[in-house]
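Residue numbers (the numbering used here), protein chains in the order written: chain L, 12 to 290; chain Z, 97 to 369; chain V, 95 to 452.
Don't take each hint at face value.
Simulated pairs of lysine-lysine, BS3-like, Cα-Cα distance not exceeding 25 Å [what the hints assert, rightly or not]:
hint, chain 1, residue 1, chain 2, residue 2
1, V, Lys-227, V, Lys-206
2, V, Lys-434, V, Lys-119
3, V, Lys-397, V, Lys-368
4, Z, Lys-366, L, Lys-177
5, V, Lys-227, Z, Lys-365
6, V, Lys-227, Z, Lys-366
7, Z, Lys-365, L, Lys-177
8, Z, Lys-107, L, Lys-177
9, L, Lys-104, Z, Lys-107
None of these hints come from the bench; they were simulated from the model.
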Amino acid sequence: MRRKKSRSVIPGFGISLGVTLTILSLIVLIPLCSLVVFSAKLSFSDFIRAVTGARVLSSYYVSISTALIASLINAVMGLILAWVLVRYDFPGKRLVDGIIELPFALPTAVAGISLTHLTTTNGWVGSFFYNIFGIKIAYTRIGITAALVFIGIPFVVRAVQPVLEKVDHECEEAAMLLGADPGTTFRKVIFPEILPAMISGFTLAFARSIGEYGSVVFIAGNTPYKTEIAPLMIMAQLQEYDYASATSIALVMLVIAFLILSVNAFLQSMAARRVSGLA
Amino acid sequence: MKTQKKGGAVKWILITICVIFLAVFLILPLIYILSTAFRDGISSYIKAVTDEYAVKAALLTLKATFFAVVINTIFGLFASWCICKFTFRGKKVLSTFIDLPVTVSPIIAGLIYILTFGRQSFLYPILDDMGIQIIFAVPGIILATIFVTFPFISRELIPVLTAQGTDEEEAAALMGANAFTIFKNITFPHIKWALLYGIVLCAARAMGEFGAVSVLSGHLRGKTNTLPLYIELLYQGYDFTGAFASSSILMIFAIIVLILRVILEQRGKKERG
Amino acid sequence: MEIQNSSSIELRGINKSFGSFQASKDINLTIQGGRLVALLGPSGSGKTTILRMIAGLEQPDSGEILIDGKVVNDVPGSERGIGFVFQSYALFRYMTVYDNIAFGLRVKRVPKKEVDSRVKELLKLIGCEGLEKRYPGQLSGGQRQRVAFARALAPNPRILLLDEPFAAIDAKIRLELRSWLREMITRLGITSIFVTHDQNEAIEVADDIIVTNEGRIEQSGSAAELYSSPRTPFVVKFIGNSVLVDNYYEFRSFSRAEADTVGVIRPEFVEIYKTSEDIRYSRSADEGYVRDIIFRGSSIEVKVDIHGNLISAIRSINDAPLEIGEKVWVFVYRMFLIGKDGVRLVENSALRENSIVI
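Whenever a hint applies, use it, and build me the whole structure from the sequences.
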């Protein structure tokens with residue numbers, strides 16, 4: 012067939028694709044297939060019962076609402092952080108740049124227990140909010156949101172930062188020379204350029220936050236109907252060896268994650284099309 | 097620059113917001129970990145981190161990390177070479193599958209291995225006959241660790257290789273160099289810093305993985321407890337000093353990783369520039 | 095240094111597509127051994143694809159590539175006896191100049207001593223002695239090109255392929271390098287093909303020019319042939335500084351041919367006179383108005399409006415100066431007419447009557 016004819020001059024395609032596919036299959040594809048196979052064996056009514064239980068439904072609500080709020084906060088803070096890191100010089104900038112990725116590097120459980128202890132009503136931060144505003148952080152949805160802000164912040168910063176670095180200074184200068192004030196220049200010239208990256212960072216943080224477990228499970232307090240997150244519901248079913256229910260809940264979560272990522276992919280391709288002019 | 101002067105006030109307001117944000121969310125937890133770990137004095141700290149079960153948990157964590165780094169490095173090198181140096185059908189699908197493990201909840205990652213190797217799987221009797229236990233045992237922990245860090249190295253390599261293009265490799269291939277020579281002499285020098293950083297990041301994540309490992313571990317003290325699981329155990333037993341002492345070890349690794357990242361990035365930039 | 099033999103190249107019925115884009119459509123060409131040939135065309139005309147297929151960097155969908163009369167479609171690029179200079183030069187950035195040039199010899203397991211003497215010989219040839227320990231990043235654009243050239247030549251190829259060899263170089267050095275490259279290749283006698291979109295470059299450097307457009311070969315021949323007898327409408331328009339004229343029959347001494355014919359006038363076909371100057375063919379000259387005067391350094395380009403067409407003409411620096419808006423006489427010696435059945439060169443009928451050759 013054509014196969015042989017379309018080969019590249021660079022040798023080593025066969026072996027590299029072979030090794031790639033082998034490892035990918037063993038680690039990712041086969042386990043994913045077993046999820047699909049197992050789901051196919053579920054009866055529809057069992058599936059509905061597992062995913063529409065009141066406790067499960069409220070856990071979806073908790074997971075999605077806290078993840079959404081946290082990701083929105085991250086989108087704004089991530090933009091400000093990226094802006095400050097790219098545009099300004101100040102003492103300690105290298106430190107700030109380095110520490111942004113702490114949430115990637117710090118184990119989630121470690122982050123979880125320390126954030127919990129900081130925000131209990133007698134913790135360093137928690138006591139401040141409790142005594143002055145009467146707000147409890149740990150063991151509430153605010154606490155979950157705070158943990159998800161921690162987890163998600165590098166996603167937005169690292170998505171926006173490189174794009175912001177590449178924004179053409181000449182476009183900005185042109186806008187200035189045409190009489191636009193800095194605010195207008197930002198809104199009309201810079202923001203549209205970095206918006207796709209921001210959306211991409213937001214959705215990545217959002218998808219990650221919905222599935223996050225380690226950092227949230229300690230701070231959440233896990234009160235049924237109030238602060239139980241969806242991954243915890245899977246965990247609970249697994250501990251009872253109820254794989255059918257666990258798989259059902261997982262499937263719903265996977266569908267949600269898939270939808271979020273698809274929306275992002277669609278928005279990205281729209282943005283790319285607009286920039287490249289292929290209408 | 098004029099624009100900078102004009103935005104002076106804005107600049108410092110924004111910087112202050114960032115510094116406060118980072119101090120509260122990122123730096124305070126670090127300080128808290130250290131202060132709690134040492135609140136009962138150095139000796140109880142040392143006692144906590146040299147506890148028999150703590151050491152065993154740390155060793156298991158290192159073992160899982162080692163396997164994750166080795167497998168993902170091999171995979172990352174082959175996958176990024178394959179994706180960046182060749183055009184073929186299904187490339188996008190392949191990239192999507194490689195990135196998938198990062199977006200899947202760690203709990204679900206654990207779940208899919210239970211479904212693959214658990215009692216209800218058709219693989220179970222076969223593996224059982226051979227005396228191999230995967231879930232609730234060390235192999236499961238290793239597999240889960242590989243899964244959650246799966247794309248970490250390839251993701252670092254792909255942008256570098258894409259930016260480099262294929263001209264140099266084509267030139268070398270036209271002169272008759274074989275795949276190994278091309279990789280070793282032409283491609284590898286471009287990616288060595290990115291690879292090193294990928295390895296470091298992969299190691300950090302592997303050491304700290306909690307959710308997926310928690311699903312697959314049998315939670316057997318001294319046997320299938322990794323360091324993060326051991327921390328959870330201590331925490332739930334209200335041994336906060338012990339929990340934070342063990343945490344401080346992982347935290348130090350995280351900080352080393354961040355410092356290495358800055359150094360490696362600078363090295364890479366300097367060589368490219 | 096002599097290259098023992100240089101190969102001939104032949105392409106027969108080559109087609110190549112990238113997805114829905116057809117980059118090569120029925121390409122047939124023959125290049126004799128030892129010639130220096132330019133593949134000239136606008137960007138996207140498929141010239142680089144042809145070069146890459148000869149090198150074995152791409153595989154044609156159909157058709158045959160022959161080197162020295164042998165089909166090489168299934169011969170890998172590394173065994174076709176070619177040297178390739180990439181547009182980006184593709185120098186190995188993490189190797190010194192010396193290692194770059196030596197690479198092709200080392201992978202062929204040439205003994206160390208031979209490698210050394212060959213590299214030194216090439217360094218001398220390209221005038222880069224003393225640079226062997228430098229890395230590509232530490233070289234100027236011109237030096238990089240020379241090193242890329244030396245690297246391609248190191249394994250003694252019988253064909254040299256160059257993809258836009260001057261594209262990445264400053265205008266001034268580019269002129270120098272052009273003559274250097276021409277001299278080098280002529281001295282070595284190696285069959286060489288280079289890709290360019292710059293007609294001046296092709297005319298100056300190449301023995302033969304192959305003009306490509308939209309994946310097809312339009313015409314090939316020497317620069318003089320392409321100039322004097324273009325065979326396709328594209329070549330007429332692409333070569334030279336051509337201006338298309340729809341109402342060519344309104345020019346004096348040119349009569350209407352077919353309904354859908356278009357005239358093409360080049361600056362060298364035109365002479366302009368001040369109204370005060372003596373003019374031999376006053377009856378056949380057209381009235382025009384100067385619209386623009388562009389100083390070209392060694393000459394002056396004048397844009398003249400005649401019958402609603404803006405035609406370029408060249409005037410000597412020594413001629414009496416013109417002014418914008420000035421009325422002038424324009425004598426058109428000849429023009430190309432593009433008709434349904436090809437391209438014709440038509441002379442001003444006044445010249446025929448007087449039988450004067452210019």
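Check your understanding: Broken hints, numbered, in rising order?
Key -> Per hint list: zero violations.
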